[in-house]
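K.L.:
Listed below are the residues making up each chain.
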Amino acid sequence: MSKERVALPTRGFFENKTKKGISSWIFTTDHKRIALLYLYSIAFFFLSAAILGILMKIELIAPGKTIMNASTYNKTFTLHGVIMIFLFIIPGIPAVFGNFILPLIIGAEDVAFPRINLLSWYFYVGGAILALSTLFFGEGTADTGWTFYAPYSVRTGTNVTQAVLAAFILGFSSILTGLNFLTTIHRMRAKGMDWFKMPLFVWATYATAWIQILATPVIGITLLMIVAERTLGIGLFDPSLGGDPILYQHLFWIYSHPAVYIMILPAMGVISEIIPVFTRRRIFGYKAIAYSSLAIAFVGYLVWGHHMFTAGMSGPSRVIFSILTFLVSIPSAVKIFNWLATMYKGSIDMQPPMLYAMGFIFLFMIGGLTGLLLGALATDTHLTDTAFVVGHFHYVMFGGTGFGFFAAMHYWFPKIYGRMYNIKRAKSAFWVIFVGFNILYFPMLIMGIMGLPRRYYDYLPQFQPLEILSTVGSWILFTGLIIMLVNIIKGMKSGLPAGDNPWKGTTLEWQTSSPPILENFKIMPEVTEGPYEYDNIK
Amino acid sequence: MFSGSSSFVEGVDLAFFVIIGISLIFLIGITFGMIYFSIKYNKKKHPKAEPTVENTKLEILWTVIPTILVLFMFYFGWAGYRPMRTFPDDAINIKATGKMWAWSFEYENGKWDSVLYVPINKAVKINLYSMDVIHSLYIPAFRIKEDVVPGINNKMWFKAEKLGQYNILCAEYCGLRHSYMMSKVVVLPEAEYTAWYNTKQKVDLNAMPGELAMKKIGCVACHTTDGSKLVGPSYKGLFGSMRKVVVDGKVIEVKADEDYIINSIRKPNSQVVEGFPKAVMPEYKDQVTDEEIKQIIEYIKTLK
Chain A
1 MSKERVALPT RGFFENKTKK GISSWIFTTD HKRIALLYLY SIAFFFLSAA ILGILMKIEL
61 IAPGKTIMNA STYNKTFTLH GVIMIFLFII PGIPAVFGNF ILPLIIGAED VAFPRINLLS
121 WYFYVGGAIL ALSTLFFGEG TADTGWTFYA PYSVRTGTNV TQAVLAAFIL GFSSILTGLN
181 FLTTIHRMRA KGMDWFKMPL FVWATYATAW IQILATPVIG ITLLMIVAER TLGIGLFDPS
241 LGGDPILYQH LFWIYSHPAV YIMILPAMGV ISEIIPVFTR RRIFGYKAIA YSSLAIAFVG
301 YLVWGHHMFT AGMSGPSRVI FSILTFLVSI PSAVKIFNWL ATMYKGSIDM QPPMLYAMGF
361 IFLFMIGGLT GLLLGALATD THLTDTAFVV GHFHYVMFGG TGFGFFAAMH YWFPKIYGRM
421 YNIKRAKSAF WVIFVGFNIL YFPMLIMGIM GLPRRYYDYL PQFQPLEILS TVGSWILFTG
481 LIIMLVNIIK GMKSGLPAGD NPWKGTTLEW QTSSPPILEN FKIMPEVTEG PYEYDNIK
Chain B
1001 MFSGSSSFVE GVDLAFFVII GISLIFLIGI TFGMIYFSIK YNKKKHPKAE PTVENTKLEI
1061 LWTVIPTILV LFMFYFGWAG YRPMRTFPDD AINIKATGKM WAWSFEYENG KWDSVLYVPI
1121 NKAVKINLYS MDVIHSLYIP AFRIKEDVVP GINNKMWFKA EKLGQYNILC AEYCGLRHSY
1181 MMSKVVVLPE AEYTAWYNTK QKVDLNAMPG ELAMKKIGCV ACHTTDGSKL VGPSYKGLFG
1241 SMRKVVVDGK VIEVKADEDY IINSIRKPNS QVVEGFPKAV MPEYKDQVTD EEIKQIIEYI
1301 KTLK
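Protein chains in written order, with our numbering: chain A, 1 to 538; chain B, 1001 to 1304.
These aren't lab readings, by the way, just hints derived from the structure by calculation. Since the model is a prediction, treat every value here as computed from it, not as a measurement. Using N, Cα and C, we set each Cβ at its ideal position, and we do this for glycine too. Treat the hints loosely; a few may be bogus.
[As the list claims (entries may be wrong)] Now the in silico label distances, taken between C-beta atoms and shown as ranges:
| # | chain 1 | residue 1 | chain 2 | residue 2 | range |
| --- | --- | --- | --- | --- | --- |
| 1 | B | Ile-1252 | A | Trp-475 | 46 to 54 Å |
| 2 | A | Val-472 | B | Tyr-1180 | 36 to 44 Å |
| 3 | B | Glu-1298 | A | Pro-461 | 54 to 62 Å |
| 4 | B | Gly-1164 | A | Gly-126 | 55 to 63 Å |
| 5 | B | Gly-1249 | A | Val-472 | 51 to 59 Å |
| 6 | A | Phe-137 | B | Arg-1243 | 51 to 59 Å |
| 7 | B | Ile-1065 | A | Leu-518 | 48 to 56 Å |
| 8 | A | Thr-479 | B | Ile-1028 | 26 to 34 Å |
| 9 | A | Ile-58 | B | Lys-1200 | 48 to 56 Å |
All chains, please: the whole structure from these sequences, using the hints.
P.N.:
Below you can see the structure in the form of structure tokens.
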């Protein structure tokens, strides 16, 4: 079984002449090493939270108590949400692939502020440790759900203060990363790379960075207000102290809705990179895709109220938020049409990154289209706070961003490690994940329409058949994830050398060695044409 | 086309039908396109990609058409929703109170119940109050839901159009027993409803005022009177016993006298019985009167 491990022609940035061992990693300012620090920590948290998800689904396989009591269940879904949102989906693609690929793809030596880049990883780890430490003292980890709605979050005896401070610190990590990327994109592009010669992943990262900088401070302040209310008794959100619970929801969603676009835009950027490479065609509607990223980032600020249609907002504001929500779906639809048009008359090579990209498009479409039911007032009134919402955002966040992350992983893997994973096994892992995913989450959409509220520890017997189906789906999905993970780790260690440009990409990261050398390029590249000029290649 | 158990079902289900219909056309079309292209233009059959030709007309077309379609969907969403926020003047007023983790419904004549009785084909307006955190009153069969927010007087209304019993659920996460915070709405023929409405509150003549007060406030959602443990400690054998309580992290022993019970209602988290989670019970201020507390104490004294 085990083949000879073939040595790489160059070890690139993995070779470090000045520092050795762990200190060459934790004190590094090389964007590539920082990206890998993020990759390993993010992968760890993703798997931990996935296991929490599996446990929740086992609990729900039958009504009544199965493996845990209600209090444990409430803490489990809170921790699952906090880890997945703040430690996986939000940092995910920008922190790992933004860090690794962004300087390479624009032909730069590093990001603009390498030390701040390392600092933001330390903020990430600090926030993560604080969040997990809540497990081990007092009444245990928060039981509020990842949304920390007041006044429940003000009153519960669990460690909400620590969890909220953790999210606050993680916010800083996000702001600093955004600031870094924004400056990098403005100041460090290769000679000749004007704005409309930038690859679309750069556009997506750029739009994301603006949201990170402008929206994250709002959640930071809001979370500090929760801490002030809990520790000092200042009445801000709890009506028994003279506060307003709806104010909290406004402040929370003013950040957390744009944050949804922090999560999805980089994934869309990844898909826009992958499709031209595997169809051997210049992307259709480059400018439309670039502008639609900016449009999503902008309109995304104005739709937060759709999370609160039943919370008691005034009638006119419900109507306005509903219209704006429908409008924000247009730029996403435009991207999907452009991707499809790029495939038309291409020469399509179904490699694992392309499979994940197509999986992304299908699952993200279901996520987006179910979002329309939640944007319409009549249907949202029935569906809000039901399992339908849970199904919807897993389609968007996991089917979208998660699959985008896996696509990026399979696409840039040979660049990062200089080796190739087993292609066949990667494809079979994709199909297991894809099938398991739909069996797990589609029943949630149906149960929501049937009227099953979310965050329910127990449920009426009529839901059990679908709950069983969903639980079985979670086992299939997890099996697929393990196959994928083993394949990736094996590829890292002993995959065959992949060469500098195995997919024959045209963007700059493929012009240097794999793995890239410490200073990225031997001769700094110059750009004379657009990023996807496949038409000129023989 | 769609009739249901409330007057809103038709409009809401029509919006479902329109939006899901348009979405399915889009989903099937794009998915079919992806699969078709990946077979037809697979590199084995189609080794050389044709150059991309930009097409501005197409771009405008696929921006404008979806915009029209989503505005169309918005319209159906709004049309199905508008009646929910148009309150009729002649509605019966009912006050619904949500607390962790029970519902109670109070009628204009002072009658109250944990089940919501309503007449068929008559508008019913529900004024929503919360005693503690945010809840959400959800009747799936009627397609309505509105959050029950402390300090804010939200309201909702409906007209039931079919006799029967339907679930009332709490849709906003409210802690430990969120998924058990259920009740029923019972739709009665008008005459039957009037008869029910005009019968005096069924008072168990043997019941003490304190017992009734506790049922109305909802204490029994978490505390039993028979010694079994629910969320909080049972009342059985409580009065006069010695209790181990946690005060500022230290365990001390106190006697459960009248002051202890008053304190346990007004400031329950200052001394939590050992072995029970802290900060679960909200502080009851004006939701419980001093007179009611006196009655409650008298009642608890009898639970030996």
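K.L.:
Look at each hint and say if it fits the structure.
P.N.:
How the hints compare with the structure:
1. B:Ile-1252 to A:Trp-475: 46 to 54 Å: holds (49 Å)
2. A:Val-472 to B:Tyr-1180: 36 to 44 Å: For A:Val-472 and B:Tyr-1180 the Cβ distance comes to about 26 Å; the hint is violated.
3. B:Glu-1298 to A:Pro-461: 54 to 62 Å: At 41 Å between Cβs, range violated.
4. B:Gly-1164 to A:Gly-126: 55 to 63 Å: holds (56 Å)
5. B:Gly-1249 to A:Val-472: 51 to 59 Å: Since the Cβ atoms of B:Gly-1249 and A:Val-472 sit about 45 Å apart, the hinted range of 51 to 59 Å is violated.
6. A:Phe-137 to B:Arg-1243: 51 to 59 Å: violated (25 Å)
7. B:Ile-1065 to A:Leu-518: 48 to 56 Å: holds (51 Å)
8. A:Thr-479 to B:Ile-1028: 26 to 34 Å: Holds, since A:Thr-479 and B:Ile-1028 (Cβ atoms, about 29 Å apart) stay within the stated range.
9. A:Ile-58 to B:Lys-1200: 48 to 56 Å: holds (50 Å)
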